[in-house]
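2 protein chains.
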Amino acid sequence: MSNYKYTELLSFCEAVFLKIGCSATDAQCASRVLLSADLRGIDSHGVARLSGYIQLWKAKRINPQPTIRIVHETPSTATIDGDGGLGLIIAPEAMRIAMEKAAQVGTGWVSVRHSNHFGIAGYHAMLALEKDMIGIAMTNASPLVAPTHSLERLLGTNPIAVAIPAGEEPPFVVDFATTTAANGKLEILQRKGLEAPIGWIQDAEGNASTDPHALKKGGALLPLGGEQGSHKGYCLGALVDILSAVCSGANYGPWVPPFVSFLPLPENPVGQGIGHFIGAMRVDAFRLAHEFKTHMDNWIKRFRGAKAQPGKQVTIPGDFERVTEAERLENGIPLIEPVVKDLMTLASEMNVRWIG
Amino acid sequence: MSNYKYTELLSFCEAVFLKIGCSATDAQCASRVLLSADLRGIDSHGVARLSGYIQLWKAKRINPQPTIRIVHETPSTATIDGDGGLGLIIAPEAMRIAMEKAAQVGTGWVSVRHSNHFGIAGYHAMLALEKDMIGIAMTNASPLVAPTHSLERLLGTNPIAVAIPAGEEPPFVVDFATTTAANGKLEILQRKGLEAPIGWIQDAEGNASTDPHALKKGGALLPLGGEQGSHKGYCLGALVDILSAVCSGANYGPWVPPFVSFLPLPENPVGQGIGHFIGAMRVDAFRLAHEFKTHMDNWIKRFRGAKAQPGKQVTIPGDFERVTEAERLENGIPLIEPVVKDLMTLASEMNVRWIG
Numbered sequence: 047m048s049n050y051k052y053t054e055l056l057s058f059c060e061a062v063f064l065k066i067g068c069s070a071t072d073a074q075c076a077s078r079v080l081l082s083a084d085l086r087g088i089d090s091h092g093v094a095r096l097s098g099y100i101q102l103w104k105a106k107r108i109n110p111q112p113t114i115r116i117v118h119e120t121p122s123t124a125t126i127d128g129d130g131g132l133g134l135i136i137a138p139e140a141m142r143i144a145m146e147k148a149a150q151v152g153t154g155w156v157s158v159r160h161s162n163h164f165g166i167a168g169y170h171a172m173l174a175l176e177k178d179m180i181g182i183a184m185t186n187a188s189p190l191v192a193p194t195h196s197l198e199r200l201l202g203t204n205p206i207a208v209a210i211p212a213g214e215e216p217p218f219v220v221d222f223a224t225t226t227a228a229n230g231k232l233e234i235l236q237r238k239g240l241e242a243p244i245g246w247i248q249d250a251e252g253n254a255s256t257d258p259h260a261l262k263k264g265g266a267l268l269p270l271g272g273e274q275g276s277h278k279g280y281c282l283g284a285l286v287d288i289l290s291a292v293c294s295g296a297n298y299g300p301w302v303p304p305f306v307s308f309l310p311l312p313e314n315p316v317g318q319g320i321g322h323f324i325g326a327m328r329v330d331a332f333r334l335a336h337e338f339k340t341h342m343d344n345w346i347k348r349f350r351g352a353k354a355q356p357g358k359q360v361t362i363p364g365d366f367e368r369v370t371e372a373e374r375l376e377n378g379i380p381l382i383e384p385v386v387k388d389l390m391t392l393a394s395e396m397n398v399r400w401i402g
Numbered sequence: 047m048s049n050y051k052y053t054e055l056l057s058f059c060e061a062v063f064l065k066i067g068c069s070a071t072d073a074q075c076a077s078r079v080l081l082s083a084d085l086r087g088i089d090s091h092g093v094a095r096l097s098g099y100i101q102l103w104k105a106k107r108i109n110p111q112p113t114i115r116i117v118h119e120t121p122s123t124a125t126i127d128g129d130g131g132l133g134l135i136i137a138p139e140a141m142r143i144a145m146e147k148a149a150q151v152g153t154g155w156v157s158v159r160h161s162n163h164f165g166i167a168g169y170h171a172m173l174a175l176e177k178d179m180i181g182i183a184m185t186n187a188s189p190l191v192a193p194t195h196s197l198e199r200l201l202g203t204n205p206i207a208v209a210i211p212a213g214e215e216p217p218f219v220v221d222f223a224t225t226t227a228a229n230g231k232l233e234i235l236q237r238k239g240l241e242a243p244i245g246w247i248q249d250a251e252g253n254a255s256t257d258p259h260a261l262k263k264g265g266a267l268l269p270l271g272g273e274q275g276s277h278k279g280y281c282l283g284a285l286v287d288i289l290s291a292v293c294s295g296a297n298y299g300p301w302v303p304p305f306v307s308f309l310p311l312p313e314n315p316v317g318q319g320i321g322h323f324i325g326a327m328r329v330d331a332f333r334l335a336h337e338f339k340t341h342m343d344n345w346i347k348r349f350r351g352a353k354a355q356p357g358k359q360v361t362i363p364g365d366f367e368r369v370t371e372a373e374r375l376e377n378g379i380p381l382i383e384p385v386v387k388d389l390m391t392l393a394s395e396m397n398v399r400w401i402g
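If you're matching them up, the sequences are chains A and B in order.
Okay, so the first sequence: first residue is 47 according to this note's numbering, each after it adds one.
Okay, so the second sequence: first residue is 47 according to this note's numbering, each after it adds one.
You may find that some hints are simply not true.
No distinction is drawn between identical chains; accordingly, a pair holds when it is met within one copy or between any pair of copies.
[Stated by the list, open to error] 20 Å max Cα-Cα, derived PhoX-like pairs, lysine-lysine:
1) K387 with K262
2) K387 with K238
3) K238 with K262
4) K263 with K65
5) K358 with K104
6) K262 with K104
7) K347 with K231
8) K106 with K65
9) K231 with K262
10) K262 with K353
11) K358 with K106
12) K339 with K104
13) K339 with K262
14) K339 with K387
15) K353 with K263
16) K358 with K347
In short, the hints are calculated from the structure, not lab data.
Predicted model, so just to flag it, every value in this text is computed and none were measured.
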């Protein structure tokens, strides 16, 4: 494990995205989104995935110079076609449109088709904060999750992020997969040779499993709620799928294209690419902004100050990520050896200088 | 257990609501909302709660003749003050306003303050279906739930409902508490003398408990996700609280007034009454309505037809409630003896004729 400076990793990512034909603006945007995951401590979604995006580009599944366009709209909504581009740049553009609409009519909602993986949902939701808006971002994803009672994988980990501005307090930011555990957590157990807790996964017959490799043997991730309430996680994952893809004309359910280039695209697609759903609501569309912020501060203080279990604290969603970001901007981003090796191979393949 | 005709229970509820001073229109609306819970099999939220609402009226916590008014708005949003009325009539009015705004600008979003318990969230969300809109309804509620690591009860069971229209298929309707188990399920265990599964509740020290009476001893309901992911349920419950109350100016967190009249109102309220958040989105604000419906039908068929565990089926959210409603409209609504007794006492107190 070694630490790498944020700015150096940013330059490296930009150089790689430029090499595949992205514009300078797009290369910078994509790199920032990708590295925001590393900064915020969501290592599974950051620079470790860079070569995955490049493999998709090699397989001609990513268009580095997309023409993103609005194909349908009302004063508060739009559907955009991402033209097969990087989700990393399409989602911020969708949020820009949502915020523009919110500035005009109070809220803006953008459903996106023909996109690809967009990095961490939280990044896009947080873009709304600077304009005193509540930001919402969700996406569907490759099918790894079995709905309650299903033996088939029909849903992705379909995350939901919501960012809410406060006054003196830092913003409230939720960003979570609608499964009990994200796939990245399973990968960590695989590397460490540990068993998975009951409730994370099922085997090919639909039985609870502790084998972190169960997915490779026909198993599936389980929706949030585990045995006690997986139908609720299934509902949430389904909602994300429908808003992201049935609304926009993207692929949904088992037809969502895989993130990895070595798996074939599903046959008989029902739409184009993967889908996202992005929203922005002006807080002053509901009450005066300073009133909203004062009460949001009060909400945060009351919850953070709650009497807690011995040695524990009630945290506010976003606390961990904010602290991690400050620490990593200061001390660098820790990358494990396999990720560094992978990036060095990528650097050599793409003829881009590696760091140092 | 005896069965009662829907129309007879409806007339009875209407008579009771008229007696407390509701207008004929409001009495009819409130009764329909209340009984929709019984029809859909959510017995905890139906006519069994009628006397609870009347107790609140007796305690002067419900205004039977509210002036519901918009206090803030933009083309796609409104904040309404329910004037302390029944949530059962305020929420449908909020949805009417949301739908009117959606008709104009694509979507409509209404945050509600100074309201009371609104029955089942699903009823309000489903109002949007007849206009080919996606309906959303959520509400905060009396604090019974401990956020992750908290020993204090700071959130309600804060349900979320979303109704999505399809074409030939029945609509997709989710309606769920953001806890592992709704309080009503705990009450069933109490009556039957059974233990609660691990993950539903904690005791006063924050330890997992199987005692269905733990709430009376300082315990709390647990957020959806249980030990593996209660932080996600906490996030969801918090989102509902913030959208319903910080946006509108209602009470939030531990300040939400209790549903039962024998508990005192919290001191130093931070807003007025309880809060709801209601939304409507035209499906044709994103793509042609017939395209949306065709794909929604396809989504539903694919999921319902998924390969399932032996003897099980993948169901679509709303299936159970729809089947139950058809059956109960035909055969009547089953009421347990304690509920019937309670209603007969209410009938005599209010000088309203009981059924039969």
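Is the C-alpha distance from K339 to K262 at most 20 Å within one copy, between copies, in both cases, or in neither? Neither. Shortest intra-copy (47 Å) and inter-copy (35 Å) distances fail the 20 Å Cα cut-off.
Between copies, within a copy, both or neither: which fits K339 and K104 at Cα up to 20 Å? neither (47 Å within a copy, 36 Å between copies)
Measure nothing new, just compare the shortest in-copy and cross-copy C-alpha distances for K358 and K347 to 20 Å and report within, between, both or neither. For K358 and K347, the Cα distance is within 20 Å only inside one copy (16 Å; across copies 46 Å).
Taking 20 Å as the upper bound on the Cα-Cα distance, should K263 and K65 be classified as within, between, both, or neither? Result: close neither inside a copy nor across copies, 37 Å intra and 64 Å inter.
What label fits K387 with K262 when the C-alpha limit is 20 Å: within, between, both, or neither? Classified as neither; 24 Å inside a copy, 57 Å across copies.
Have a look at K347 and K231 and pick one of within, between, both or neither, based on CA distance no larger than 20 Å. Neither: 30 Å inside a copy, 32 Å across copies.
First find the shortest C-alpha distance between K262 and K353 inside one copy, then the shortest across copies, and answer within, between, both or neither for a cut-off of 20 Å. between (43 Å within a copy, 18 Å between copies)
Regarding K353 and K263, is the shortest C-alpha distance of 20 Å or less found within a copy, between copies, in both, or in neither? between (44 Å within a copy, 16 Å between copies)
Please work out whether the CA atoms of K387 and K238 approach to 20 Å or closer within one copy, between two copies, in both situations, or in neither? For K387 and K238, only the intra-copy Cα distance (19 Å) is at most 20 Å; the inter-copy one is 60 Å.
Measure nothing new, just compare the shortest in-copy and cross-copy C-alpha distances for K231 and K262 to 20 Å and report within, between, both or neither. Within one copy only: 15 Å inside a chain, 37 Å across chains, cut-off 20 Å.
Please sort K106 with K65 into within, between, both or neither, judging by C-alpha distance up to 20 Å. within (15 Å within a copy, 70 Å between copies)
Classify it for me, K358 with K104: is the Cα-Cα distance of at most 20 Å met within a copy, between copies, both or neither? neither (47 Å within a copy, 42 Å between copies)
When the structure is compared with the earlier hints, violations turn up for hints 1, 4, 5, 6, 7, 11, 12, 13 and 14 and for no others.
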